[in-house]
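A.B. asks: Note that the protein sequences, when read in sequence, are chains A and B. Going by the working numbering, the first residue of the first sequence is number 53, and it counts up by one from there. Going by the working numbering, the first residue of the second sequence is number 53, and it counts up by one from there.
These aren't lab readings, by the way, just hints derived from the structure by calculation. None of the hints are false.
Copies of the same chain look alike in the list, so a pair counts if it works inside one copy or between any two.
Cut-off 20 Å, straight-line C-alpha distance, at most; resulting in silico cross-link-like pairs (SDA-like, lysine to any residue): (1) Lys-144 - Gly-198; (2) Lys-276 - Met-83; (3) Lys-276 - Pro-85; (4) Lys-144 - Pro-110; (5) Lys-148 - His-62; (6) Lys-148 - Ala-61; (7) Lys-148 - Met-53; (8) Lys-148 - Asp-65.
Protein chains: 2
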Amino acid sequence: MTAFDDLMAHQRDTEALAGISGRLGWDQETMMPRGAAEQRGEEMAAIEGVLHARRTDPRVGDWLDAIDPSGLDAVAKAKLRHIRRDFERNSKVPAKLAAELARVTSVSQGKWAEARAAEDFAAFAPVLERVVGLKREEASALAGNGDLYDAMLDDYEPGATGAGLETLFSALRPRLVALREAVLGADHQPAQIEGSFEEAAQLQLAREMAQAFGYDFNRGRIDKAVHPFCSGSGADVRITTRTALTDPFSCVYSTIHETGHACYEQGIDPDFALTPLGQGVSLGVHESQSRIFENQLGRSRAFTGHLFDRMTALYGDLGIADADAFYGTVNRVAPGYIRTEADEVHYNLHILMRFDLERALISGGLEVADLPDAWNARFQKDFGVVVDKPSNGCLQDVHWSVGLFGYFPTYTLGNVYAGCLLKAMQTAVPDLDAQLAVGDTTAATGWLRENLQRFGGLREPRDTIAHACGFEPSEEPLLEYLEAKFRGIYGI
Amino acid sequence: MTAFDDLMAHQRDTEALAGISGRLGWDQETMMPRGAAEQRGEEMAAIEGVLHARRTDPRVGDWLDAIDPSGLDAVAKAKLRHIRRDFERNSKVPAKLAAELARVTSVSQGKWAEARAAEDFAAFAPVLERVVGLKREEASALAGNGDLYDAMLDDYEPGATGAGLETLFSALRPRLVALREAVLGADHQPAQIEGSFEEAAQLQLAREMAQAFGYDFNRGRIDKAVHPFCSGSGADVRITTRTALTDPFSCVYSTIHETGHACYEQGIDPDFALTPLGQGVSLGVHESQSRIFENQLGRSRAFTGHLFDRMTALYGDLGIADADAFYGTVNRVAPGYIRTEADEVHYNLHILMRFDLERALISGGLEVADLPDAWNARFQKDFGVVVDKPSNGCLQDVHWSVGLFGYFPTYTLGNVYAGCLLKAMQTAVPDLDAQLAVGDTTAATGWLRENLQRFGGLREPRDTIAHACGFEPSEEPLLEYLEAKFRGIYGI
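Throw the hints in and build the complete structure from the sequences for me.
C.D. replies: See the structure below:
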């Protein structure tokens, strides 16, 4: 056994144990009896302890030092790059700080939920201050003299920087705001869907859509959960969905979204299983897959024509004139407080304000106590609406309560990447719309698997997109796509 | 922190990780997608590796040596007893042998399933020889100069010996054979149930029965699986069941059986959670709980009267005259090849022959090649029937293929213990039958929880039964119960 072999054998078990931890997370959200929460907490702490010990095992450092990379191929080098980055990251954070962060964030999520239910930001402010303080400490340990926010970003999107995202987002914002105003001011406004749609039919349609987008049920399953998510990698990638009685699109599109995440994981080269290359490479690239499935493909005029037929067959008359009107209904733009319910035009505006606010929180330019005012002022400026209560404002998302700073921008990065990927896909699959119109996504999802998904963690995130597209990613394709689509729907 | 505290903290995480391993086993049998089997194998190997390392960690030996037990209470001493036994056991088996056993038994189960399907014992014989050889090696490492079979028993029923069981079983056999012959020769024979019973109703009744027997759904759940089982401990104890279209009793009684196992785990003192006292103390004691739920309570004249009402309400006319006839139908005695389908009179005869055969295999008095002949001869002698094919004979059970020698006798030990517990319970709960007749098991299951279940692993297995009963366990109560019950039903 060489040092490389020893390191890979060690890593293989670490990956398997991390997979177990993920599976427990799935169980917790889908199957676990209510009364088991405390016991599960102990189990999660135990396996996280094992994982931390393995990831900071001094032998990992010794093996990394002992390996001569000169004779290694690109795959081996990529594995080492991931392991080295994780080892250095995990080793830099003092165990005491890591434990304190785990302790505080396990409590703070509950405090956030209580404060949100009580519409009482003041009750949440002290714990959020504590979380911000600890995350700043952690980022200092990681960044050395570097930027704190960049160190946080590195957890979710290696290679991304606050400055780079600021440039990108500054290019997006004015055109999104202009599009939003044009659309909302248009004479023609699509109808909303009305009626009541029984759960069994919604779940049947969700399974059909997952299948249509290439989800492999032999290596996964769909269950109901409070929040839709995707969990697992390799041969066991499970998704969840939810239903809303009066909104049949919620179940359909959250399922197609999670199918995008799942197909990325299922599409990775099986040779990468139980190595650091065996998962999606970053949150931004992951989100590009879920978003292109959900929006660029799933909400296209072509595919919604197919969906209109399927839903009419399932539910009878939908009260919508034809497939063109249905396309408008599916893509209806409406201002709203809640990010997770936002349409394609508004969604990134939600992210852009969170990015600016969280950077200010981390830099110290914004105090936690001033967050509601800052949020509400910015929301009014970008959305033209006054926030009516904290649960519709800065208490709506769980992320900050559990220390996820630097996470939000990956959602918009995913949308930007999805825009680039659609452009490249349209060139590679000239009759894409004709295929989608009959519900056939084989060429589209096959192109993504062949050019992006199968490579897993082989390349850095941005390079993963550039390799698939054949050009450097930028915001332009997303903006062109959004402007063309929504100007078309709204006749402007 | 004292050595005792350090040891308990170490043990706590080990117990939590063992709980995770068990939960993965549950997932594998109920939820896991088919295509994930190989990946799950890697995950199980990884966590078993972690558990083995923790259980044989030299620090455990150091802590055990450093602890002065003189000032400790009974609970602390019991914890140390379990930890010491496991540490010594795990440390005695060479890692190479343990790995080889794991490897061989992971393959041999598949070979057994193939051989059973093909009715080809010769195809299975070589791998069974290998398993027997490795188990003998393992037992030698454990037993030193002691008896090999006793060392194997120790895994499942600490304190039991082959000689002690032989004495017990010798007392059972003639009276069971005599009862069997009397019953089968009786003029009156109960009717079989006929008809088709839809799955949804069977599952509804199963849930109702689990509830009636005190299963806490807040700390558990019921799912379908190929084989009924109970999994987990403390606040997360899950059971599975199965349905058979033409046999509604299979689902009802396998559910009540697993509810017995589950209520034992759910009934243990919460203070024992994540300690070695936090699980049922042995397989025999565990089986006493499942059997007394299923048979002594669930198949009693009193409770079957309630069940008759419930099943009539659910399915309509069952084609059975009245509750007395129904009691006979539920308890119908019929010779059959298959242990898992056996009635109360035949069941222990199945176990007694397996006990003698496996002891002979381990002692070397019986060669694997001669097993089918030995099995068939013994079956004809005890059951009066010629075995027609290996799947109805020595290939019917999975146990030996995976190295479970010393496991079978715990089933009959459980029945013997259940007989003792019923006798004690009848004294403690004078109006037991009146309660069961209206489906109220509260006093019965409460008596078991109070006098046995809550103590978990505090006492040795036999002492656990003796403490609950107030007398030393013996075969007599079980035999008296069986003779009275079946002579009554068959009018002999």
